[in-house]
Every structure is written in structure tokens, then in C-alpha cells.
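Student: Sequence:
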Amino acid sequence: MEKDKVKKIKMAVMLNGGLGTYVMELNYLQCLYSKFGDSLLVDVFATNSNSVNRGLMEGQPFINEYFLRDEYSSEGYDLCIDINWFVKVSYFDETKIKRISESFYTLLEKWINFQNSERTRHMVGNNNMFDPNIYQYALVLGKNRLNITDIDEVLGVKSEYIYRMKCLLDENTVLNDFNLSNRTYITMQSGVNAASNTLTSPRQWPIEHYEALVKLLKAKYPEIVLIQLGEADNNLPIAGVDVNLLGKTEFEELKVILKNSLLHIDGDCGMLHMRKTLGGGPSVALWGQTPVEILGYGDDINIIANTCPSWCGKLYTGWKQRCYLYDTPKCMYDILPEKVFEKMENYIDDGKIEKVVKLPALQSFVCKNGIVLDDEWVKEWLSKRDIFAFDLQDIRLSELEATRLTPEGYVRCRLDEMPQYKYLKGDNAAYKEYMALNDLYNEGHEHSEAKYQSLLEELKAGIDISRVIVIDGTDRILDGVHRATYIAAKNGFDTTVRVLKLYGDWMFDL
Numbered sequence: 001m002e003k004d005k006v007k008k009i010k011m012a013v014m015l016n017g018g019l020g021t022y023v024m025e026l027n028y029l030q031c032l033y034s035k036f037g038d039s040l041l042v043d044v045f046a047t048n049s050n051s052v053n054r055g056l057m058e059g060q061p062f063i064n065e066y067f068l069r070d071e072y073s074s075e076g077y078d079l080c081i082d083i084n085w086f087v088k089v090s091y092f093d094e095t096k097i098k099r100i101s102e103s104f105y106t107l108l109e110k111w112i113n114f115q116n117s118e119r120t121r122h123m124v125g126n127n128n129m130f131d132p133n134i135y136q137y138a139l140v141l142g143k144n145r146l147n148i149t150d151i152d153e154v155l156g157v158k159s160e161y162i163y164r165m166k167c168l169l170d171e172n173t174v175l176n177d178f179n180l181s182n183r184t185y186i187t188m189q190s191g192v193n194a195a196s197n198t199l200t201s202p203r204q205w206p207i208e209h210y211e212a213l214v215k216l217l218k219a220k221y222p223e224i225v226l227i228q229l230g231e232a233d234n235n236l237p238i239a240g241v242d243v244n245l246l247g248k249t250e251f252e253e254l255k256v257i258l259k260n261s262l263l264h265i266d267g268d269c270g271m272l273h274m275r276k277t278l279g280g281g282p283s284v285a286l287w288g289q290t291p292v293e294i295l296g297y298g299d300d301i302n303i304i305a306n307t308c309p310s311w312c313g314k315l316y317t318g319w320k321q322r323c324y325l326y327d328t329p330k331c332m333y334d335i336l337p338e339k340v341f342e343k344m345e346n347y348i349d350d351g352k353i354e355k356v357v358k359l360p361a362l363q364s365f366v367c368k369n370g371i372v373l374d375d376e377w378v379k380e381w382l383s384k385r386d387i388f389a390f391d392l393q394d395i396r397l398s399e400l401e402a403t404r405l406t407p408e409g410y411v412r413c414r415l416d417e418m419p420q421y422k423y424l425k426g427d428n429a430a431y432k433e434y435m436a437l438n439d440l441y442n443e444g445h446e447h448s449e450a451k452y453q454s455l456l457e458e459l460k461a462g463i464d465i466s467r468v469i470v471i472d473g474t475d476r477i478l479d480g481v482h483r484a485t486y487i488a489a490k491n492g493f494d495t496t497v498r499v500l501k502l503y504g505d506w507m508f509d510l
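If you read the sequence shown in full-length UniProt numbering, its first letter stands for residue 1, the second for the next number, and so on.
Some clues are possibly wrong.
[Said to hold, decoys possible] Cβ pair distances, simulated, as ranges:
id: 1; residue 1: G18; residue 2: P407; range: 42 to 48 angstroms
id: 2; residue 1: R498; residue 2: R99; range: 26 to 32 angstroms
id: 3; residue 1: R69; residue 2: E223; range: 40 to 46 angstroms
id: 4; residue 1: D177; residue 2: W381; range: 55 to 61 angstroms
id: 5; residue 1: S51; residue 2: D349; range: 34 to 40 angstroms
Bear in mind the hints are in silico, worked out from the structure with no lab data behind them. Heads up, the beta-carbon is just placed ideally off N, CA and C, and yes, glycines get one too.
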């Protein structure tokens, strides 16, 4: 294993921003590793909190090691970068990087050219005064905060997360400890980033609005538990909530409670973005100073007052402390509690409170549409998961990704990087090596070269159109990699195939 590390580019990455920004930057690193994982060894320097770093990065296969921010040193690394909106390169060993991966060096050149260009260099780094320029840059390109970092779309970063934060504690135990097992609850946070040094940031919804909303919710839904989350020193307590957990949760406990809430009410803050990476449900997101088009998520309940002609975030250095135009931030004050309640009422009364679709409903859909699923896969894997939604779609093979086992763990990759595809193109050794890895790490696995040959004979005799490829909401193949790679090798990656797309609790696995 140590010899393998010598053959890789050792990379030091400094994350920047708050918790919400960290998860966006980690998503970019996950995408980077999905494409260049065979060539990279990634060490990450993030917060100065061991518990937060562990919560963000423990068990992530794309991270070699993680460290406190104050422990940063460039010594011993082949490449040192900072990530914020874009990548800033501070050191690189050109000779070694070129020797290990010419294609990665091509991306490195794009990073360097972007940070040196007169047109874009002002947006690279950590000078917040240029963030409004970045907002406009993203809007012009039709990008959001997740994929704006992907210069020239080299990595194919999408507008949804592939990074999934892991819950390191048993979820049932945590929910039981907080008396939340088998209870429906809604979480909310009144504060923002502690670095703002204020209890009344212009990004915050007024505390009196929260309290009015709590009264409306308790009047109609007395059975739903209302919980306030957050740090004690940068959140005003909300009168009327059933459970006040300000300063009473460890980071891992917070993750579990946040993930499992029916809805989460918040502004543009870290918990809003964390919930997405945890695989939680929608949030009620209240937007004012910052642009929802760039920082928001389409499946959230996004609410904007439209009082001001435009967002004004980062327009001047004191933007976190006071509104640029008024004594009080009208953009937030004009989001009335009644309007928020109406949106939440629609969601709850639409039956979304029962978010899990039972397996028989999917089986009925499959039967109705003449689809055949692999019985063993359904029994051993799918039947043990929660399914939220499903649909049949047509999609090009070039848009699909798969999961590949490596010595460092599972990584996402394109179909042409899968051992099955390489085998079909004459690289038998790649598949043999893959089987050896499975023998080592997946004792008792069902794969073998002989079984693959048998499947290929079946496929050559004719593809059964009832056996569809199954993918998740991020276009990752759950079942049918062999079938997909066979069609790609035979007909090309521009081929369109019918897939069954499933949404469920595996979305945060990888």
C-alpha cells in the first residue's frame, strides 16, 4: 500500500468559509476524486474543531487524511491548493504531476490560467469583496455554487451533491436519547454563522416572525414536535417551541436530528446545506441578502419577499451586521409568518408527511410497466432500504456513473473507467485485478470472470428490454453496470437507454 502512495500525487487542500461552504467544497473534491482517484492522495485541512472535521470527513473514501486548519504545512506535498469559489494553486511539482497523470496536469493548468487571467483572477482567493462579481458570473453561465468551481466542465460537476455526509452515531439511538423515536418533528434555527458576531444578522428571519409561526403550527398540528437547533451564543431562543436544544447537542447528534426532521426552517446557513448532504428531506429556506438561484436547492420550499429589486449580500464589508438600505432588513421582515405557514401547510397536508414509499408500490409499478428487476438484488439490497420516489426515464449512457471498488474504498466513476468496460475492450487484466480486490475486501461476493462470460453470452443472444438499468437520483447505477457497459461498448456512449430512477435512503452512502 505504501508503494501505491508513492505513485500518487500527494495533495494538500485548504477549505475555506463556513460549514455550508465546506460541504460544497467537499462535493467538488469528491467529483475530482471520481475522475482522478487513481492518481491522487488527498489530505484536507478544514476547521479547527476535531469533532466537526470528523463529522464532515470521517469514512469518506476520497480523503486520505484530515487535519485541523492550524496544522497546515505545505511540506511533503506535490500540490497545494485552496478551495473557495474556485481553486487557488500555491505550489505544484510539475515534473511529478506530469509523470503520474498528464490529464490531471491539464486540469491543473486550467486552474492556474484562471487564477492568473486578468478577466478572472480577482475572483480567486478569499477576498469576499469580489463575491458579488462571482454571483453575476455564475448567473451569466447558468451555474450554481456547486458546479461554478468546475472550470470548462472538466469534471462534469452537477447542480446536486454527490458528497454524502455520514452519520457516525446510530440514528435510532440518538432519536431515542432525545425522545424523538417514532415522532414527527420540525426543526428550526434562528441564527447564522457564529463568525457574524451578531444575534440579529440581516440574513436572519426576525425572532418575532419565528414565534408567530410557531403559534400557527401548534394551533393546527399540535402532534408535531417543534425543535430549535443551534449554538447557544448566536441564536435567540424562540418562545413556544416544544424542545429547545440550543447548545445541547454534539455535532453528531445534531446531524441525526437535522436529517430526520420532517422539515427544517432556516435562512442561508450551514444547516440548510448540511441537510442536503445528509440525505434529509426539504427545508423551508428563507432568502433575502443572498441569491437563491446560486445558493439554493430546487426541491426546498424557497421563500422570497421580492421587496428589494435584488439581493445585496457582500455588497460592502458590514453586510453581515446591517442592511445596506434600511434600519431593518425588509427582505426578511416582509416574509410574513402567514406566508411561510401556508407553504408548510400545503406540504404537510399533501401527505408528504408519509415520505416512505413501500416496496410493494414500486413492485406494482414495475409489473405494470413490464419491467423485470433482479430478484437477488431486490431481496439482498433494495428490500432493506427506504424508497421515496421512482420514475422511468430515457438517458444517455454518457450521463451515467457507477461505483468502483479501489484499495482506498468505493469511488464514483464514468462507465469507461469501470473494469467491466475495459474487459470488453480487451483489457482482461483490469477485470482480474477488480475480482482480486473483491476477493480481498468483499468476502463471499457473487462476481467472477466465469459468471461475467456467461452474462455476456446472454447479452450477445439478445438484450431483454424488460431488464432495465436501475439508477439513483444522482444518475449513479444501482443495478445493471454489466448491462450498461456492454451496451456502451457495443453501441457507444451516445446511446439512449430506458432506466428506472429511484430516490431513497442510499443517497447519502457515496
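Student: All hints are to be evaluated individually against the structure, with a verdict given for each.
Tutor: Now the hints, each set against the structure:
1. G18 - P407: 42 to 48 angstroms: Taking Cβ atoms as reference, G18 and P407 lie about 34 angstroms apart, which means the hint is violated.
2. R498 - R99: 26 to 32 angstroms: Violated, at about 43 angstroms.
3. R69 - E223: 40 to 46 angstroms: holds (44 angstroms)
4. D177 - W381: 55 to 61 angstroms: violated (29 angstroms)
5. S51 - D349: 34 to 40 angstroms: holds (39 angstroms)
The structure fails hints 1, 2, 4 (numbered hints given earlier, in ascending order).
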